[in-house]
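These protein sequences, in sequence, are chains A and B. Under the numbering used here, think of the first position of the first sequence as 1, with each following residue one higher. Under the numbering used here, think of the first position of the second sequence as 1, with each following residue one higher.
Hints were generated in silico from the structure; no laboratory data involved. Among the hints, erroneous ones may be present.
Stated by the list, open to error - Only pairs whose alpha carbons sit at most 35 Å apart, straight line, appear in this in silico DSBU-like list of lysine-lysine: (1) Lys103(A) <-> Lys196(B); (2) Lys65(B) <-> Lys21(A); (3) Lys212(B) <-> Lys21(A); (4) Lys128(B) <-> Lys21(A); (5) Lys123(B) <-> Lys176(B); (6) Lys196(B) <-> Lys100(A).
What the hints assert, rightly or not - Partner residues aside, some chain A positions facing chain B, computed with beta carbon under 8 Å: (7) Gly24; (8) Met27; (9) Asn34; (10) Gly35; (11) Ile36; (12) Thr37; (13) Val41; (14) Phe73.
As the list claims (entries may be wrong) - Every beta carbon over 10 Å from chain B, so not counted as near; a handful from chain A, in silico: (15) Gln13; (16) Leu17; (17) Ala23; (18) Cys25; (19) His26; (20) Gly32; (21) Leu33; (22) Phe60; (23) Asp61; (24) Leu63; (25) Leu80; (26) Glu84; (27) Leu97; (28) Val107; (29) Cys116.
Beta carbons are placed, not taken as given, at the ideal position from N, Cα and C, and that holds for glycine.
Residue strings, one per chain:
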Amino acid sequence: MFLVSGCREEFVQGRRLYEAKCAGCHMHDGTGLNGITPPLVGTERSYLDELPCIIQFGMFDTLQINGSTYTDFMLGFPELTSVEISNISNYIAFRLLNVKQPKYSPVSVQLRLDSCMKWRKPSPVDPKKDTIRMFQSI
Amino acid sequence: MAHLNIVSRSISLIILIGLFYACNYNPKYKLPYIGQQTQEDGSIVEHTIRPFQFIDQDSNTVTNKTFGGKVYVTDFFFVSCPSICPLMTKQMLRLYRHYENNPNVLFLSHTIDPRHDTVGRLKRYADKLGSVSSSKWHFVTGERDSIYSIANDYFIAVQDESNNGEDPNKLIHSGKFMLIDRTGHVRSFCDGTDPKAVDHFVFDIDQLLKEKENPSR
Chain A
1 MFLVSGCREE FVQGRRLYEA KCAGCHMHDG TGLNGITPPL VGTERSYLDE
51 LPCIIQFGMF DTLQINGSTY TDFMLGFPEL TSVEISNISN YIAFRLLNVK
101 QPKYSPVSVQ LRLDSCMKWR KPSPVDPKKD TIRMFQSI
Chain B
1 MAHLNIVSRS ISLIILIGLF YACNYNPKYK LPYIGQQTQE DGSIVEHTIR
51 PFQFIDQDSN TVTNKTFGGK VYVTDFFFVS CPSICPLMTK QMLRLYRHYE
101 NNPNVLFLSH TIDPRHDTVG RLKRYADKLG SVSSSKWHFV TGERDSIYSI
151 ANDYFIAVQD ESNNGEDPNK LIHSGKFMLI DRTGHVRSFC DGTDPKAVDH
201 FVFDIDQLLK EKENPSR
């Protein structure tokens, strides 16, 4: 009984964190806001490998998604732990995208974070200094 | 015979009265006037948005006259908003598309970050949303104090603790959409971040559109 409810509850923290930290920009259903914040669902792109790193360190690229260009950046969430990041990632993968893929675990997320620390170019903005603003290109 | 005549006359009178009331609006569905009433020359005046003047994404001056005789939906947002603004903009865009071909509905989005949200920046923001007409949906900026004070008229809570706009996390505003009638009265509102609330809001907008130009009160 506890096991069953435990299984059903497995995306709860992920959903809660997604709604608190991501949904404001990417929408609750992940559809984004055309031209301003990219959709996470219904796109050809596969960002799942990078997802933990995007969450932790942000994203500073130009994206072409479904005919729209996204030139803004997303600040990372340095305060999130690898457990929290794996929960958000699993929620996105299994609930929003419905993909069949191995689950993220805190250990696998930590490994990814460690490795992308190495190749990532330094972020163009310092999130600790609030002087540089999001959506700069707009 | 005369007796029957009276009966048929009173029946037609009743029907006439009935028709008269049916043709008038049904008070049951009339949207309330929101805000404090005041007395002026012995008559009651409903809360009215004070005159304003802002500049929109095409550098056009936008005043309360721009919205005279139109129903409009308004909100307060800013471009760099890290929290709820994309949610609101998405719902506003949905309303915009819904009333795209109705010339009697306009939209007005105020930035609460005029220091950074210049006319050009608002223009780029609006353009990114895709085919949004600046004569229907005005994204306006202006003097900071005018924006923050007109927000009061709309009952929108806004707060700037951003240290001159340096920290966008500390620009705080409510995510409400307000519905303003043809004569500048606040008539309804909804939570602009909640798609279901916005669905209901559409009923209110439709209801307001049915009111006559100068509703006799």
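Violated constraints from the hint list, given by number and in increasing order: Of the numbered hints, 2, 3, 13, 14, 17, 18, 19, 20 and 21 do not hold.
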